[in-house]
Structure formats: C-alpha cells, structure tokens
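Engineer: Spelled out from the first residue to the last, the chains are:
Protein chains: 2
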Amino acid sequence: MRKIVVALGGNALGHSPLDQIEKVKHAVKPIVELVKDGNEVILAHGNGPQVGMINLSFETSHELNSANPEMPFPECGAMSQGYIGYHLQNALLKELREQGMDQKVATIVTQVEVDEHDPAFLHPTKPIGRFYDLDTAKELESTKGYQMIEDANRGYRRVVPSPKPVNIVELDIIKTLVDAGHLVITVGGGGIPVIASGKEYVGVPAVIDKDFASAKLAELLDADMLVILTAVDKVKINFNKPNEISLDSATISELDKYIAEGHFLKGSMLPKIEAAKAFVNGSSHRIAIIASLDHARDALQGKSGTKITN
Amino acid sequence: MRKIVVALGGNALGHSPLDQIEKVKHAVKPIVELVKDGNEVILAHGNGPQVGMINLSFETSHELNSANPEMPFPECGAMSQGYIGYHLQNALLKELREQGMDQKVATIVTQVEVDEHDPAFLHPTKPIGRFYDLDTAKELESTKGYQMIEDANRGYRRVVPSPKPVNIVELDIIKTLVDAGHLVITVGGGGIPVIASGKEYVGVPAVIDKDFASAKLAELLDADMLVILTAVDKVKINFNKPNEISLDSATISELDKYIAEGHFLKGSMLPKIEAAKAFVNGSSHRIAIIASLDHARDALQGKSGTKITN
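Protein chains in written order, with our numbering: chain A, 1 to 310; chain B, 1 to 310.
Next up, chain A with everything else stripped away, as it sits in the complex:
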C-alpha cells in the first residue's frame, strides 16, 4: 500500500458556500478512486479564494460597524479549515460509501510552524483581502503597520509574507489517524502559520504555500508519493509558445535546468515544481506527480501528469 499526500488547489473549491458544496462533489471523485485502488491517501488543500472571502467579509462588516470585530488572518485561516473541511469530509464520506468503502474521514485543524527568521518575513509578497485607494493604504501602513502594494492596477492591497513550513504541530495526531486507516484532511490552506515562542505557538499573519506545506507533510509522514492536483494535465516547457512541450517525467536536475531557463511561472507552476523537488530531493523511492484533478488516477498509472523523481 502506497502512502500518498494529495494536494488539492483552492480554486477547485469554489467562491461561495453554494458553489463549494457543488464543486467538492466533483473534486472528491478522483481522490476516492485513489483510495479504492488501495492507496493510503492524506488530503491537503488550498484556501486562497475561501480565506479571501472570509477575510473580506469580516473587514467589510467591521468597517460598517466597529462592534463587529476584526478577524486576524491566522483566525481566518482556522475558519477556512473548518468551512472547507466540513464540505470536503462530507463529500468524501458520501463518495466512499457509494463506492462501497467504510473508511472514516477527519478534518484536523492544523497549525504549521514557520521560522520567525525566515527571510520571507522581510519581503511580504502575498496579497490578501480587499483593494484600497492610495490614501487608505497609507493610513493602514501607519496605523496598523500593514505593508501595502499596488496590485493588478485595481488599487492597493495588504501583502503578507509566505514563509516556508518547518514543522506540523499536529503531526502526531495525523499519524495516529492515518495509521488507523482513516482519511485525513489537513494543512488546509497551507496550515495556520505559527511561530514557536517559548512553550507556545503564536499565530502570524502569513500564507504558507499549500504545495510546500503538502511536501513537508509528505516528508514528515514518510509518504511514497506527493500528488499535486491542478488545472493542467502536465508540466510544460516553452509554455504557450509554438515549441511548447508537455513533460511526461522529469528529474530534479532537468527541472533545475528548466527553472534556470525561466520556463515556469512564479506564483503558479514554479512553487509546485519547487514543492515537488523538495519532497523527492535525495530520496530514490519518492515520487512527486503534478497532474490535473480529473486525471489523478491516470497519472498514478503513468498515463497522464508529470512524474518527478530524484
């Protein structure tokens, strides 16, 4: 039995609760296929559109009436784990039952530790929340210490750092459940980012890339495989050019060459490649696959996706 961490993109989950409850029905099918094929699956997922929606709703509501509290970003992430996990675990349970399996499903509210000295904290890059005009942006910088950037010509947005995951606080919990044969949903949205401070963990406003968090999870669980599900069937070089090539497989050194040549889009395919590399690096038995959600099973059978090995 192979142990597989599957990373599902937040864009596969929809922008509203009604949208999400429909989309998860579709998203869980290929995941349950992997379970049915005898794999031990651990599910990680993104939360970009969802945590944005939660954050924006609290911001809007607080601006209208200050009696409605502001919601810090780590708490918004924790809410998104409950919100997405509830729909995912429900849809997974139904699909498992329909496929004749009696596995149980758990969503674990998961904190992921980052290093407070991570250089990412000096260079916040991840835009979150709503757009503001320049004056409001300046005011938020001076009153709240936010870092603001102009984004997509639509105005100014807050940016937060995207540090690398160094540990998963609830790892033993996840291991216990996986070893008992349960299907675990964890590190939602890359996990709630926390830093260690003495004997406690403290939430920080940051976004951990969900593919990096999934790679860290796969490493700590000593998984056989990391499957990153996205909207495209394969990793491509010379993307959108006449000489575009879809990769069936690639080694780390081949990927390093392609990265140096600038083939992969920052904030899109590049972090997936980096996460895949981080997982397989230095281990001959580990495999990472980047594939489309709809062809997950095909990808595990070598008929789709890009297979990344050491």
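Derived by calculation from the structure, the hints in this document are not laboratory data. Don't take every hint at face value.
Identical chains share a label here; the pair holds if one copy fits it or two copies do between them.
Here are the simulated DSS-like cross-link-like pairs (lysine-lysine), alpha carbons at most 25 Å apart as the crow flies [to be verified]:
(1) Lys23 to Lys199
(2) Lys3 to Lys29
(3) Lys266 to Lys241
(4) Lys175 to Lys3
The hints should help you fit chain B onto chain A, whose structure is shown.
Structural biologist: What follows is chain B alone, placed relative to chain A:
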C-alpha cells in the same frame, strides 16, 4: 484512569478574537489540572457568542455588498469550530507543556446527526443572528422562509430549531485519538447539525445544545463522567429566594421532582440538568457533575459542584 467528557460554555470563550485568546488561557487551566490528575479528558465546548459573531459579520457584509456571499448557519458552525479549536488547542498545548506533559491536542471538525422528524423542527426556539424591524422580519419570512420572533424587546430575530443529537458522525475518529492518549476537542457548539439522507449527511440550520451533544458524546464513548462547567458553583433550588439551597448531589428522581416544581430556568440550568440526566440515566457507574470552571478539580474531589447519579 477515568474517561471524562468536559463541556465548556461558549460564554467562557469571549466575544472577539483578542478577547478569546486571553480567555482560553484561563479556561484551559482547570482542564489541564484534570489531565494532570490522570484523567482521560475529551473537551466539548459551546459557541453561542462566537457563531453569532460570525453569522452577523457575514450577514452585514452581504447586505452591504451582495458579492460577499451569505453564509449558511451550518457553515458558520464549522467556521466557529476551526476558530475556537485553534485557540483552545494552542492554549491547551502550552499549558500541558508548562505542566510537564507531552500530550498532543486535536480539534476535530465534528458533525452531529439529528433526526429530521425531531419535533423541534416544528417549533424553532433558538434565536440567531441580528435583530430586524418588523417589516424586514416579514420580508425574510416570505423570501427566505425564515421563522422570526420578537426577542427581548429589541426587535425581531430568526429562530432555528434545537433538535436532540442522535449520533456523532466522526465518533470513530474521536475514539481512535482518545485511545491513543491524545486530548480531543470535539462537538464544538454542539456539533454541525446534519440529517442523514441516503448515503450522505446534509447540514441543517439548527443549534444542537452543547450539553446534550456532550452527553451524547460521553454516552457513545462510554465515559465514566460528564462534567458540565458553567458560571455557578452548584445547582440551586429555590434560586434567588430566601430559602435557596445549593445541591451537593442529586439523583435522577430528585431532579425530576425539582424539575416538576419548576426550580430550573429553561435555556439556562434546565438543559444542563436534562443533559446530565440523559448521561447517567440507567447506569449505576456513570456520574455527571455540574460545577464552575474555576472549581473543576475541586468538584471531581467532591469539594464543589453538584454530583448527579442514577
């Protein structure tokens, strides 16, 4: 080793994230004391003020801008489990470490099944969300099918049913973690209320009383004890009268007599008594205790609280 389900009131958790992060530091101390004394503790908690705040923020934000989605009540409950669980698990972990224990803590996003034929669905009683004027209340009744009542002379509010819990969907998950020695936070806010429909569970707008959900959890886990923590030290009869008596202990038949005599306030002490009764009923080895948060340890040593037996 005794297995103890502890039910913590949502009012002990505060009304905003900053308030909650402070309050949980205090609330976890007596719970960790019980762990230190060698008990196997499972923590349930309320979410009244918190799910109200979440629901209200989404309502306000949606009213201002319909692009911000409405958030159905079960989804608000799922968010509250993530939000409260994150703070509780963090505070518990810190307090456990400070007390020299290395137990791990897990928050489980928990669905509690209710019976769609529960008579409570015919008589919604639980007010949720914001206050409206009469015209808006009438409009919500006709457009959304909400049931509205006049509440506390402050206007009209939506009411949802408060059905009884019949099963806990994630029970096997909870058992696996408890058996492995982890501290589990579950049935937050009484659980996300779902009804079984074929092979799936469907969320319903309802509020399951957290003390009833805790009693059901204690029953299904075959716990030795249910400890309901609240703001008062003991159950009282002739409450607030010159002949007020604090009860050190009571049997089910004694409580039934007091209930018939109208000693316990509906929506306040009465559901705690009913939940305690439901747990100990018919079992000579089960004990329920109603006590104040600050005297939880004393209550287990018989020095505080009201002990309820069959």
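Engineer: All the hints need checking, so say for each whether the structure fits it.
Structural biologist: A quick look at each hint next to the structure:
no.: 1; hint: Lys23 to Lys199; verdict: between (40 Å within a copy, 18 Å between copies)
no.: 2; hint: Lys3 to Lys29; verdict: within (18 Å within a copy, 38 Å between copies)
no.: 3; hint: Lys266 to Lys241; verdict: within (17 Å within a copy, 71 Å between copies)
no.: 4; hint: Lys175 to Lys3; verdict: both (11 Å within a copy, 23 Å between copies)
Checked against the numbered hints above, the structure breaks none of them.
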